[in-house]
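All chains, please: the whole structure from these sequences, using the hints.
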Amino acid sequence: MSKLISEKLLKNKWLTEETLVHYKVHEKLDIEHAESFYHLISSKWLDKNIRNDIKKGLLFGNNLILNLYTDLL
Numbered sequence: 184m185s186k187l188i189s190e191k192l193l194k195n196k197w198l199t200e201e202t203l204v205h206y207k208v209h210e211k212l213d214i215e216h217a218e219s220f221y222h223l224i225s226s227k228w229l230d231k232n233i234r235n236d237i238k239k240g241l242l243f244g245n246n247l248i249l250n251l252y253t254d255l256l
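Quick note: the sequence shown, position 66, residue 249 per this note's numbering, numbers continuous.
No wet-lab data here; the hints were simulated from the structure.
Predicted model only: the values in this text are computed from it and were never measured.
Cβ coordinates follow ideal geometry from the N, Cα and C atoms, glycine included.
Please note that the accuracy of each hint is not assured.
Taking lysine to any residue pairs in the SDA-like style, the calculated list, with each CA pair at most 25 Å apart, reads [claimed, not checked]:
#: 1; residue 1: 211; residue 2: 222
#: 2; residue 1: 211; residue 2: 251
#: 3; residue 1: 227; residue 2: 217
#: 4; residue 1: 231; residue 2: 241
#: 5; residue 1: 186; residue 2: 219
#: 6; residue 1: 238; residue 2: 228
#: 7; residue 1: 227; residue 2: 212
#: 8; residue 1: 211; residue 2: 255
#: 9; residue 1: 191; residue 2: 210
#: 10; residue 1: 186; residue 2: 223
#: 11; residue 1: 196; residue 2: 217
Pairwise CB distance ranges (calculated) [to be verified]:
#: 12; residue 1: 226; residue 2: 255; range: 33 to 41 Å
#: 13; residue 1: 213; residue 2: 242; range: 17 to 25 Å
#: 14; residue 1: 219; residue 2: 196; range: 15 to 23 Å
#: 15; residue 1: 194; residue 2: 232; range: 20 to 28 Å
Below you can see the structure in the form of structure tokens.
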């Protein structure tokens, strides 16, 4: 997510490479957090009941993030 944001910020000239420190750090953290998250849920995915809860949670979280950034536009 941070990679996409940083690309848009640069493209629109809202920030420069030098002032993009926060997003550059988070580009790496986003990947690390995603890997940790998927490692955490991978064993639970085999249980169909829990899998449905995981899917609902992923969709809910995705909607929260998309709405947050869409509302900023």
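Checked hints:
{"no.": "1", "hint": "211 x 222", "in the structure": "17 Å, holds"}
{"no.": "2", "hint": "211 x 251", "in the structure": "21 Å, holds"}
{"no.": "3", "hint": "227 x 217", "in the structure": "16 Å, holds"}
{"no.": "4", "hint": "231 x 241", "in the structure": "15 Å, holds"}
{"no.": "5", "hint": "186 x 219", "in the structure": "18 Å, holds"}
{"no.": "6", "hint": "238 x 228", "in the structure": "9 Å, holds"}
{"no.": "7", "hint": "227 x 212", "in the structure": "24 Å, holds"}
{"no.": "8", "hint": "211 x 255", "in the structure": "23 Å, holds"}
{"no.": "9", "hint": "191 x 210", "in the structure": "14 Å, holds"}
{"no.": "10", "hint": "186 x 223", "in the structure": "23 Å, holds"}
{"no.": "11", "hint": "196 x 217", "in the structure": "28 Å, violated"}
{"no.": "12", "hint": "226 x 255: 33 to 41 Å", "in the structure": "36 Å, holds"}
{"no.": "13", "hint": "213 x 242: 17 to 25 Å", "in the structure": "19 Å, holds"}
{"no.": "14", "hint": "219 x 196: 15 to 23 Å", "in the structure": "34 Å, violated"}
{"no.": "15", "hint": "194 x 232: 20 to 28 Å", "in the structure": "44 Å, violated"}
Consistency with the previously given hints fails for numbers 11, 14, 15, ordered from lowest to highest.
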